[in-house]
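Asker: The primary structure of each chain is shown beneath.
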Amino acid sequence: MEQQVDSLRAEALAQIAAATDAASLEVARLKYLGKSGAITALSEGMRNVPKEDRPKFGKILNDLRAVVTGALEESQKRLLEAADSAAFASLDLTLPGTFPTPGTLHPLTQLMDRAVRCFRRMGFAIADGPDIETEWHCFDALNTPPDHPARNEQDTFYLPDGRLLRSHTSSVQIRVMENTPPPVRIIAPGSAYRRDEVDATHLAQFTQMEGLYVAERVSLADLKGTLEFFFRELFGAGTEIQFRPHFFPFTEPSYEIDIRAAALGGEWMELAGCGMVDPAVFEEICKKRGDRAYDPEKVSGFAFGFGLERLAMNLSRIPDIRMLVENDLRFLKQF
Amino acid sequence: MKISLNWLRDFVDCQLPASDLETLLRRAGLEVAAIHERGVAIDKVVVAEILESVQHPNADRLSVCKVNDGSEHPRQIVCGAKNYKVGDKVPLALPGAVLPGDFKIKPGKLRGVESEGMMCSAKELRLAEDAQGLLILPPESVVGTPLTEIFPTETILELEITPNRADWLSHLGVAREIAVFTGSPVKNPIPPLPAHVEQASRLLSDPADKATIYTLRKISGVKVAPSPQWLVDRLAVVGLRSINNVVDITNYVLFELGQPLHAFDAAKISGDIRVRAAAEGENFHALDGKEYKLPAGSLVIADNNGPVALAGVMGGEGSGVTETTTDILLESAFFEPSRVRRASRSLGLFSDSSYRFERGVDPEGVANASARAVELILQLTGGTASEILEVAGELPPRTKISLRHDRVRSVLGLEISDAEIDAALVRVGLIHSGGSEWEIPGYRREILREADLIEEVARVVGIEKIPSRAEGLFAGSSDADLAYDFAMDLRRRLAGMGFHEARTSTLVSNADAADFGESVALKNPFGDDQSQLRNSLLPGLFAAVVRNLDQGAKSIPLFEVGRVFTPAGEFPRMALVVTGDRFSADWRGVETRSWDVFDLLGAVRDLGGVETNPLPSPPSPFGAAAEVFLHGKKIGLLGQLHPGVTRQLGANAPVLAAEFDLATWRTLVSRDRTTSPLAKFPGSVRDIAFTAPLSLPYGEVRAAIESLKEPLLQSIGLFDLFTDPKGEKIPADKKSLAVSLSFRSPERTLTADEVNAATDRIKAALRSRSGIEFRE
Numbered sequence: 001m002e003q004q005v006d007s008l009r010a011e012a013l014a015q016i017a018a019a020t021d022a023a024s025l026e027v028a029r030l031k032y033l034g035k036s037g038a039i040t041a042l043s044e045g046m047r048n049v050p051k052e053d054r055p056k057f058g059k060i061l062n063d064l065r066a067v068v069t070g071a072l073e074e075s076q077k078r079l080l081e082a083a084d085s086a087a088f089a090s091l092d093l094t095l096p097g098t099f100p101t102p103g104t105l106h107p108l109t110q111l112m113d114r115a116v117r118c119f120r121r122m123g124f125a126i127a128d129g130p131d132i133e134t135e136w137h138c139f140d141a142l143n144t145p146p147d148h149p150a151r152n153e154q155d156t157f158y159l160p161d162g163r164l165l166r167s168h169t170s171s172v173q174i175r176v177m178e179n180t181p182p183p184v185r186i187i188a189p190g191s192a193y194r195r196d197e198v199d200a201t202h203l204a205q206f207t208q209m210e211g212l213y214v215a216e217r218v219s220l221a222d223l224k225g226t227l228e229f230f231f232r233e234l235f236g237a238g239t240e241i242q243f244r245p246h247f248f249p250f251t252e253p254s255y256e257i258d259i260r261a262a263a264l265g266g267e268w269m270e271l272a273g274c275g276m277v278d279p280a281v282f283e284e285i286c287k288k289r290g291d292r293a294y295d296p297e298k299v300s301g302f303a304f305g306f307g308l309e310r311l312a313m314n315l316s317r318i319p320d321i322r323m324l325v326e327n328d329l330r331f332l333k334q335f
Numbered sequence: 001m002k003i004s005l006n007w008l009r010d011f012v013d014c015q016l017p018a019s020d021l022e023t024l025l026r027r028a029g030l031e032v033a034a035i036h037e038r039g040v041a042i043d044k045v046v047v048a049e050i051l052e053s054v055q056h057p058n059a060d061r062l063s064v065c066k067v068n069d070g071s072e073h074p075r076q077i078v079c080g081a082k083n084y085k086v087g088d089k090v091p092l093a094l095p096g097a098v099l100p101g102d103f104k105i106k107p108g109k110l111r112g113v114e115s116e117g118m119m120c121s122a123k124e125l126r127l128a129e130d131a132q133g134l135l136i137l138p139p140e141s142v143v144g145t146p147l148t149e150i151f152p153t154e155t156i157l158e159l160e161i162t163p164n165r166a167d168w169l170s171h172l173g174v175a176r177e178i179a180v181f182t183g184s185p186v187k188n189p190i191p192p193l194p195a196h197v198e199q200a201s202r203l204l205s206d207p208a209d210k211a212t213i214y215t216l217r218k219i220s221g222v223k224v225a226p227s228p229q230w231l232v233d234r235l236a237v238v239g240l241r242s243i244n245n246v247v248d249i250t251n252y253v254l255f256e257l258g259q260p261l262h263a264f265d266a267a268k269i270s271g272d273i274r275v276r277a278a279a280e281g282e283n284f285h286a287l288d289g290k291e292y293k294l295p296a297g298s299l300v301i302a303d304n305n306g307p308v309a310l311a312g313v314m315g316g317e318g319s320g321v322t323e324t325t326t327d328i329l330l331e332s333a334f335f336e337p338s339r340v341r342r343a344s345r346s347l348g349l350f351s352d353s354s355y356r357f358e359r360g361v362d363p364e365g366v367a368n369a370s371a372r373a374v375e376l377i378l379q380l381t382g383g384t385a386s387e388i389l390e391v392a393g394e395l396p397p398r399t400k401i402s403l404r405h406d407r408v409r410s411v412l413g414l415e416i417s418d419a420e421i422d423a424a425l426v427r428v429g430l431i432h433s434g435g436s437e438w439e440i441p442g443y444r445r446e447i448l449r450e451a452d453l454i455e456e457v458a459r460v461v462g463i464e465k466i467p468s469r470a471e472g473l474f475a476g477s478s479d480a481d482l483a484y485d486f487a488m489d490l491r492r493r494l495a496g497m498g499f500h501e502a503r504t505s506t507l508v509s510n511a512d513a514a515d516f517g518e519s520v521a522l523k524n525p526f527g528d529d530q531s532q533l534r535n536s537l538l539p540g541l542f543a544a545v546v547r548n549l550d551q552g553a554k555s556i557p558l559f560e561v562g563r564v565f566t567p568a569g570e571f572p573r574m575a576l577v578v579t580g581d582r583f584s585a586d587w588r589g590v591e592t593r594s595w596d597v598f599d600l601l602g603a604v605r606d607l608g609g610v611e612t613n614p615l616p617s618p619p620s621p622f623g624a625a626a627e628v629f630l631h632g633k634k635i636g637l638l639g640q641l642h643p644g645v646t647r648q649l650g651a652n653a654p655v656l657a658a659e660f661d662l663a664t665w666r667t668l669v670s671r672d673r674t675t676s677p678l679a680k681f682p683g684s685v686r687d688i689a690f691t692a693p694l695s696l697p698y699g700e701v702r703a704a705i706e707s708l709k710e711p712l713l714q715s716i717g718l719f720d721l722f723t724d725p726k727g728e729k730i731p732a733d734k735k736s737l738a739v740s741l742s743f744r745s746p747e748r749t750l751t752a753d754e755v756n757a758a759t760d761r762i763k764a765a766l767r768s769r770s771g772i773e774f775r776e
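First to last, the sequence lines map onto chains A and B.
With the first letter of the first sequence counted as 1, position 199 gets the number 199 in our numbering; the numbers rise by one all the way through.
With the first letter of the second sequence counted as 1, position 776 gets the number 776 in our numbering; the numbers rise by one all the way through.
Derived by calculation from the structure, the hints in this document are not laboratory data.
Any given hint could turn out to be false.
Stated by the list, open to error - The calculated lysine-lysine pairs, modelled on BS3-like cross-linking and capped at a C-alpha distance of 27 Å, are:
#	chain 1	residue 1	chain 2	residue 2
1	B	Lys223	B	Lys187
2	A	Lys287	B	Lys400
3	B	Lys465	A	Lys298
4	B	Lys554	A	Lys333
The following block holds chain A by itself, in its conformation from the complex:
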């Protein structure tokens, strides 16, 4: 009996050790530990063993069972580990990925949104006005004399009814003050139009961002602080900003802003116009509103405006402004 057990053990362990996969291991398990397995048969043979020998044989059998079970578990673990470590052997991670490519937002939209988010952090709300404007909103209310060159039909698009396509988004300043008492703190992104021949640097339609802040005791220092903060937020702390005295009919004093930033190619670029709202603009608003809410003796304000196309061109090194409206997917997909 003991001999029989020894040879059975040796045979079982050899077969288990020789198993190369889960199936051959299962064959081995059934052969020894299955319902009609060899070890099971031995256990059943215990009935014929004399009572006094039973504890001894029982122990021998139990030991045998434990050894074989252990060997099975060991082999199972070994095979699983071998399979696990082979699981990715043929996986080629250099194959191209296949997730569908998402779309893109237009570079001007992205730049506009970047600017909008920055101004919103500074407490500016968005304002809006029509592209088709009255002469009053676009020029008269902005202290632009009737014979100002910008008003002629060479430079500005007119409609047969005398209205025009706004030549700047500054008309939104007027729309806002006309309808809202101070304080106002707004930005207005939108289209403006100039009757220009389209070439590498000009479009008849372009995108501007306008800003206006009117309240009590708003000063040039507020204008300077606001725009310096904005441009440094947008183009980095190292951005250099220069205010250069200039002339606009609707602000006084007026400045043009030149900036230089690594993000914009490292060259100085003329970027924005700004200034303190001219008292004549406030007077015109008072007349229109029929009240003194915008009395220039009570409130003051600053306004600014800049174009987005040239900024986008410098930012993204776009050589030709027309690329912004051609909608070539090879271009759009780069954003």
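Start from chain A and add chain B according to the hints.
Answerer: Chain B in isolation, oriented as in the chain A frame:
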């Protein structure tokens, strides 16, 4: 406006290099657009005379010259130019000279012949942008003279002058500004004024005209001749061609002092001179040789025979100075800016004079400019000037403005003392006339209000002194903010779905607008292709599709968010246009498939859970289309373009398009989301398969099921659709559909019996519709 640095130094001591001057002027508000260097700054280039020229033995195009450069021995020079003759004087670059572009001149052989230098063209010396052949120097040039002496260097600043600053349109004016910022005094020698200034009765002016100041001075016995070189050179700097000494002097004074002048030939003026309004349509022969019909109200200078000049714009033909003129009448005047501007605009006549008059000249400088011109005329042409300056009109009183120092501090946000404010204004030349009052000199007539004074203080103090304040108000969202957020959210979702954002022009052609109803036309379009404001975003996107097809794009999924215009107003829209490959074959076994209308339907559904209603007769350019509804309100249209339009676009796959009204859409959605409870009990699914007539829309099948209002039915999903045009598996006029019915109760686990019963009721309802058959 071109300014010569040498000329400027007549009025202010300024030895700043051009680049520093540029910085200073920018600070003042004068933008320097460009700095040009003129003249020759190259050593070892001298005047040489060509003594002999023979054909080069080895090269058809070259000659071999002997030239005298002033040294003992003639030099041999090989030359390619043809425009000279023996005896001409030309610039010769000697060995050792370095021409622009780091071009070093060395002795050497050209095609086997020794050449000891190079004869130069004007271009090679950077005296001209473009020049053919050698620069032929005047015969009186002395051989051996360095070219640096003949063409002394000159720095020219090209200034961009804002329309408010007429005083900057002259060398004196720019010099004044430099003086403000450097502290150097302005050298403004007062020319000898005539002994008498008289209101002259023969200058008859319109009594209603309070603005004009008109002066004439007679100079007799002048000798009209070519101008001396210095005058020719200075006029060349500002871009003027020399005409004769008298005319050149009037132009010179214009660019020097900013006061336009005009010289009449006294012999050609008959009788009194009147400054009067032109009659409507009055004829005027201008010195450009053309005849103009004058608009009513324009101001003319007229003698007994009619207009001899259009005031401030242009002189008349036949009354100007010519070689035979001996006596001249020199006009110096102030004309009302708006009147000159109107005349100049309405006739399309623009001159250096009108440019200055319409911006406003200094009325106080009228007599000075006349005296300055007389001084030069006497110097250069001989002659005798009348002791009398005849005048019509009176100097306007100077503007006086009251300034509050506190206001300055409050507008600038700057702590600045009263004394500093006053000092700044004195520096720009304003006169403190006592108390808070300031008097404005004639050359700064645009200063009219306290705000203008504050601007001057800001300019002199410099913006760098202004502190940067970073504070502000809270801002509540406006409706425009909500609209912006809605549009931006939509854009991001569309981009996430794979669409690329386009931006197309608002201006479209007539044809592009025609398909989409009424449009708004421009009065003065730039061209026919931009004559209308778009009434749909689609034409612009179609053009983008064409462009991308031309570029070989395989998949073109585009969208745009923008405004459209109709006679009723401006409306925010969103449009989608897609064509080409929806999926491209890849190594995973995905097969190429074109975008089709169901992709678009799915995209639109994902954007907002919308319903569609097919249109039996789709509008152009669609071949198939459905209206899109949200909560029962129409928000847009989607469909597939008509095959004819598709061909026109050059597409060989379906072109799908959709356009939505964002204003309506926005009113129908909330920014706030509410949730439904998550199901606690498992659901059951039953699939049903049946055939139906090919013509029966799925929507009707779905509606038929929904109309039963089965309480446990949660959702209906189509998972198979099969048609067989050949009629082999099912009849060609039938389709086979497989629909998955999902049942669930929020309160309990369903039993098979109740699910089966509900399914049977649904099947029975469908079966009762003609043509639906279940395969059992």
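Asker: Indicate, hint by hint, whether the structure satisfies it.
Answerer: Do the hints match the structure? See the list:
A hinted pair counts as satisfied when its Cα atoms are at most 27 Å apart, and lysine 223 of chain B with lysine 187 of chain B does not qualify at roughly 30 Å. Under the criterion of a C-alpha separation no larger than 27 Å, the hint pairing lysine 287 of chain A with lysine 400 of chain B is consistent with the structure, at around 26 Å. A threshold of 27 Å between alpha carbons decides the hint, and for lysine 465 of chain B with lysine 298 of chain A the separation of about 25 Å falls inside it, so the pair holds. For the proposed pair lysine 554 of chain B and lysine 333 of chain A, the alpha carbon gap of about 13 Å is at most 27 Å, so the pair holds.
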